[in-house]
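Spelled out from the first residue to the last, the chains are:
Number of protein chains: 2
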Amino acid sequence: MSLKEDILEIAKQAKFSSQRLANLSSKIKDEVLSRMAEAIETNARRIKEENCKDVASAREKGLSGALIDRLTLNDKRIRQMADSLRQMARLEDPIGKVDKMWRRPNGLLIGKVIVPLGVIGIIYEARPNVTVDAAVLCLKAGNATILRGGSEAIHSNICLADLLIKVIEEAELPAGSIQLIRTTDRNAVMEMLKLDEYIDVIIPRGGESLIRTVTENSTIPVIKHYKGVCHTYVDEEADLDMAEKIAFNAKVQRPGVCNAMETLLVNEKIAAQFLPGMIKKFQGAGVEVRGDEKTCKIAEGIKPATEEDWQTEYLDLILSVKVVKGIEAAIHHINRYGSHHSDAIVTENLRKSRKFLQEVDSAAVYVNASTRFTDGGEFGLGAEIGISTQKLHARGPMGVCELTSSKFIILGDGQIRE
Amino acid sequence: MSLKEDILEIAKQAKFSSQRLANLSSKIKDEVLSRMAEAIETNARRIKEENCKDVASAREKGLSGALIDRLTLNDKRIRQMADSLRQMARLEDPIGKVDKMWRRPNGLLIGKVIVPLGVIGIIYEARPNVTVDAAVLCLKAGNATILRGGSEAIHSNICLADLLIKVIEEAELPAGSIQLIRTTDRNAVMEMLKLDEYIDVIIPRGGESLIRTVTENSTIPVIKHYKGVCHTYVDEEADLDMAEKIAFNAKVQRPGVCNAMETLLVNEKIAAQFLPGMIKKFQGAGVEVRGDEKTCKIAEGIKPATEEDWQTEYLDLILSVKVVKGIEAAIHHINRYGSHHSDAIVTENLRKSRKFLQEVDSAAVYVNASTRFTDGGEFGLGAEIGISTQKLHARGPMGVCELTSSKFIILGDGQIRE
Numbered sequence: 001m002s003l004k005e006d007i008l009e010i011a012k013q014a015k016f017s018s019q020r021l022a023n024l025s026s027k028i029k030d031e032v033l034s035r036m037a038e039a040i041e042t043n044a045r046r047i048k049e050e051n052c053k054d055v056a057s058a059r060e061k062g063l064s065g066a067l068i069d070r071l072t073l074n075d076k077r078i079r080q081m082a083d084s085l086r087q088m089a090r091l092e093d094p095i096g097k098v099d100k101m102w103r104r105p106n107g108l109l110i111g112k113v114i115v116p117l118g119v120i121g122i123i124y125e126a127r128p129n130v131t132v133d134a135a136v137l138c139l140k141a142g143n144a145t146i147l148r149g150g151s152e153a154i155h156s157n158i159c160l161a162d163l164l165i166k167v168i169e170e171a172e173l174p175a176g177s178i179q180l181i182r183t184t185d186r187n188a189v190m191e192m193l194k195l196d197e198y199i200d201v202i203i204p205r206g207g208e209s210l211i212r213t214v215t216e217n218s219t220i221p222v223i224k225h226y227k228g229v230c231h232t233y234v235d236e237e238a239d240l241d242m243a244e245k246i247a248f249n250a251k252v253q254r255p256g257v258c259n260a261m262e263t264l265l266v267n268e269k270i271a272a273q274f275l276p277g278m279i280k281k282f283q284g285a286g287v288e289v290r291g292d293e294k295t296c297k298i299a300e301g302i303k304p305a306t307e308e309d310w311q312t313e314y315l316d317l318i319l320s321v322k323v324v325k326g327i328e329a330a331i332h333h334i335n336r337y338g339s340h341h342s343d344a345i346v347t348e349n350l351r352k353s354r355k356f357l358q359e360v361d362s363a364a365v366y367v368n369a370s371t372r373f374t375d376g377g378e379f380g381l382g383a384e385i386g387i388s389t390q391k392l393h394a395r396g397p398m399g400v401c402e403l404t405s406s407k408f409i410i411l412g413d414g415q416i417r418e
Numbered sequence: 001m002s003l004k005e006d007i008l009e010i011a012k013q014a015k016f017s018s019q020r021l022a023n024l025s026s027k028i029k030d031e032v033l034s035r036m037a038e039a040i041e042t043n044a045r046r047i048k049e050e051n052c053k054d055v056a057s058a059r060e061k062g063l064s065g066a067l068i069d070r071l072t073l074n075d076k077r078i079r080q081m082a083d084s085l086r087q088m089a090r091l092e093d094p095i096g097k098v099d100k101m102w103r104r105p106n107g108l109l110i111g112k113v114i115v116p117l118g119v120i121g122i123i124y125e126a127r128p129n130v131t132v133d134a135a136v137l138c139l140k141a142g143n144a145t146i147l148r149g150g151s152e153a154i155h156s157n158i159c160l161a162d163l164l165i166k167v168i169e170e171a172e173l174p175a176g177s178i179q180l181i182r183t184t185d186r187n188a189v190m191e192m193l194k195l196d197e198y199i200d201v202i203i204p205r206g207g208e209s210l211i212r213t214v215t216e217n218s219t220i221p222v223i224k225h226y227k228g229v230c231h232t233y234v235d236e237e238a239d240l241d242m243a244e245k246i247a248f249n250a251k252v253q254r255p256g257v258c259n260a261m262e263t264l265l266v267n268e269k270i271a272a273q274f275l276p277g278m279i280k281k282f283q284g285a286g287v288e289v290r291g292d293e294k295t296c297k298i299a300e301g302i303k304p305a306t307e308e309d310w311q312t313e314y315l316d317l318i319l320s321v322k323v324v325k326g327i328e329a330a331i332h333h334i335n336r337y338g339s340h341h342s343d344a345i346v347t348e349n350l351r352k353s354r355k356f357l358q359e360v361d362s363a364a365v366y367v368n369a370s371t372r373f374t375d376g377g378e379f380g381l382g383a384e385i386g387i388s389t390q391k392l393h394a395r396g397p398m399g400v401c402e403l404t405s406s407k408f409i410i411l412g413d414g415q416i417r418e
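Residue numbers (our numbering), protein chains in the order written: chain A, 1 to 418; chain B, 1 to 418.
Quick caveat, the hints were computed from the structure, so don't treat them as lab data.
Be careful, since some hints might not be right.
What the hints assert, rightly or not - Here are the simulated DSS-like pairs of lysine-lysine, each with C-alpha atoms no more than 27 Å apart in a straight line:
no.: 1; chain 1: A; residue 1: 97; chain 2: B; residue 2: 112
no.: 2; chain 1: A; residue 1: 224; chain 2: B; residue 2: 15
no.: 3; chain 1: B; residue 1: 224; chain 2: A; residue 2: 15
no.: 4; chain 1: A; residue 1: 355; chain 2: B; residue 2: 100
no.: 5; chain 1: A; residue 1: 112; chain 2: B; residue 2: 112
no.: 6; chain 1: A; residue 1: 112; chain 2: B; residue 2: 352
no.: 7; chain 1: A; residue 1: 112; chain 2: B; residue 2: 245
no.: 8; chain 1: A; residue 1: 100; chain 2: B; residue 2: 355
no.: 9; chain 1: B; residue 1: 194; chain 2: B; residue 2: 12
no.: 10; chain 1: B; residue 1: 355; chain 2: A; residue 2: 15
no.: 11; chain 1: A; residue 1: 15; chain 2: A; residue 2: 27
no.: 12; chain 1: A; residue 1: 12; chain 2: B; residue 2: 325
no.: 13; chain 1: A; residue 1: 194; chain 2: B; residue 2: 227
no.: 14; chain 1: B; residue 1: 227; chain 2: A; residue 2: 12
no.: 15; chain 1: A; residue 1: 224; chain 2: B; residue 2: 12
no.: 16; chain 1: B; residue 1: 4; chain 2: A; residue 2: 224
no.: 17; chain 1: A; residue 1: 166; chain 2: A; residue 2: 4
no.: 18; chain 1: A; residue 1: 15; chain 2: B; residue 2: 227
no.: 19; chain 1: B; residue 1: 12; chain 2: A; residue 2: 227
no.: 20; chain 1: B; residue 1: 112; chain 2: A; residue 2: 245
no.: 21; chain 1: A; residue 1: 97; chain 2: B; residue 2: 224
To be verified - Stretch-level coverage of chain B by chain A, calculated; a stretch enters the list once three of its residues show a Cβ under 8 Å from a Cβ in chain A:
no.: 22; region: 110-122
no.: 23; region: 195-206
no.: 24; region: 218-226
no.: 25; region: 352-364
no.: 26; region: 368-381
no.: 27; region: 410-417
Cβ coordinates follow ideal geometry from the N, Cα and C atoms, glycine included.
My request is simple: use the sequences and hints to build the entire structure.
See the structure below:
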């Protein structure tokens, strides 16, 4: 078969399987998830062996340390995959829930029922644990999944997918419930992106260029997971001790993730009091600080920030700092330069906290807390498939409920339209 | 300015305006809507004059009677536009509602707040009333709108948009709240579809080829309003009088719309009893009936249906009829050939009604009622911008609530992530 036929066949299988998956009982789904957890644990050794091939080949190719870290599966990460499967089994099943039901004057009863989306395509890069996390989150919500991981992780992905698929087969679930695209040919993605007849949604997980390519070439709706240029604004009425702890946490606790702070905005009235100590603390933790003109005057060892800094997701121990006139200027800066991901104000003033919550146009808007909490687990949504930075369908952390759609059910006793 | 710069400027204006619109009070929005209703009524004469130009030019070009009907604005339709504006003013404002709020173990309060989508692009064809209906539905939900109507309706659209824009100006709302693309150059749409930086969603309203073109060329998320190939399945345990009334209504009451029935499925056990009278009634109303082999044997004056008939949205007094073995076969036919829009079962059997509701994968699934009820007004959602046939973001009738997004607000007292 040609590549085109191959991918088409996978998509058709997925669509066909999705119809049965949509009608599975919660009990069967949860049993399958538990058995998958076992299969992962029992085969830890095999997983590590296959993963070693990927890691060795990544080293040979001279790929970056950060990428090799994301690629590597050790005992802890394998245990985490199994744990997340067991957690998923315990989560409430969203499917079949009647969201609301109302009666019309003509006696029609109309209800909105939660149903699966259908077929979900996941396109991701080097992290092989996404193979498991994404597939099972989709399965929990009654969806069929087509997985397409990065070529760096191909041995790991095949091994993990095969373990899941074996459980699917043993449980006599439809064969197309979980499928992995096994070729590393990049055209496979292009073929997949045109199959809107069979695939309901594409979720790309990865860098900006991957997401851009997917968006530009897909006729299937895409839920984007773009970058996070997150801010903390320290108001003149902030508790400055609290502000220091929050800003430090938001930048330093894990700088390589999308909900880490990239820009600190400080009210000019407290800048001279707050910034010198704050910046020293950052510098002590190895953070490179880049500041606007005022910041550079107040503190030492600071590089001037350029226009580009304000729009950059460093994903690293680098921070840009700007002194602003007040909350208006802070909100303006965030809405202009930010990526509408996660932004925080630190203040004791109720009116300003309400204004900030209202006017900052981001997926998650914080008062007096670190932006690092933007995460499905931390929000209490259970596992997440990622953090949507778009406004359609799902915004912010996407849990199992965001992988569903709805249908209207209408119960009548002979109503016709006049 | 070039066309490209023109469209870019419109999109930028819209984005800029959307930030203020998102924070308008319900009172101001509703006052503006009422004033728009007045403006439409007061200027009925001018609207009709401009509309006459479009109608005359459509006649000159020899366009179809159906198109000229959709294009024509008379006193009744103008009154309907004004009425729908007043209705909209009375609708509840969805914006700012906190959908739910919960407390995490660490004390964080997390809430989900309804916010506008931002900028909505509406691409539509010959019906000029969409100019008003779409713009004000978007405005009610705090969105800025970019309208792009069909060239046939250009004089009517400019006249209507100018009336709305004048009210916007007088009320000192942002100038880019409602904008109409005034050129009939088709490249304008192509330019618009690439401006994902400024436009949050595109809603195309029109025929299949328009929707296909938009989907294939847009980097902005699209909410599709595809065709309706709707079914009624008459079960062997149906009340056959009720079934006759429902099927007749679904086909004949208004055949040119997407929620009208195109295919009647009849259980083989009652086919010989039910179909002859039913088909005679259809034929009496001028319906051309096309049947499968069994139907052709049972009743007279029937053309054989082809494979293509089962997938065709006739939008006309034509009906395909098929005799099926039972509910399994009916559901299979609907999920295979239908367009996942609106489908009904007529039965007195509870188990079968539940099975049908569960397994038919359509936006609206009916028991014992006509599919013609799939409509925002009939469902009690207030006005609608259309009926989405996709699964993402909105499925089925889209009211004002479907033109919103959400954001998470997080209230802390110094929480940082460990």
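Going down the list of hints, with the structure as the test:
no.: 1; hint: A:97 <-> B:112; in the structure: holds, 20 Å
no.: 2; hint: A:224 <-> B:15; in the structure: holds, 19 Å
no.: 3; hint: B:224 <-> A:15; in the structure: holds, 19 Å
no.: 4; hint: A:355 <-> B:100; in the structure: holds, 20 Å
no.: 5; hint: A:112 <-> B:112; in the structure: holds, 20 Å
no.: 6; hint: A:112 <-> B:352; in the structure: holds, 19 Å
no.: 7; hint: A:112 <-> B:245; in the structure: holds, 26 Å
no.: 8; hint: A:100 <-> B:355; in the structure: holds, 20 Å
no.: 9; hint: B:194 <-> B:12; in the structure: holds, 13 Å
no.: 10; hint: B:355 <-> A:15; in the structure: holds, 20 Å
no.: 11; hint: A:15 <-> A:27; in the structure: holds, 22 Å
no.: 12; hint: A:12 <-> B:325; in the structure: holds, 26 Å
no.: 13; hint: A:194 <-> B:227; in the structure: holds, 20 Å
no.: 14; hint: B:227 <-> A:12; in the structure: holds, 22 Å
no.: 15; hint: A:224 <-> B:12; in the structure: holds, 22 Å
no.: 16; hint: B:4 <-> A:224; in the structure: holds, 26 Å
no.: 17; hint: A:166 <-> A:4; in the structure: holds, 26 Å
no.: 18; hint: A:15 <-> B:227; in the structure: holds, 20 Å
no.: 19; hint: B:12 <-> A:227; in the structure: holds, 22 Å
no.: 20; hint: B:112 <-> A:245; in the structure: holds, 26 Å
no.: 21; hint: A:97 <-> B:224; in the structure: holds, 25 Å
no.: 22; hint: 110-122; in the structure: holds (count 5)
no.: 23; hint: 195-206; in the structure: holds (count 3)
no.: 24; hint: 218-226; in the structure: holds (count 4)
no.: 25; hint: 352-364; in the structure: holds (count 8)
no.: 26; hint: 368-381; in the structure: holds (count 9)
no.: 27; hint: 410-417; in the structure: holds (count 8)
Hint check: no violations occur; every hint is consistent with the structure.
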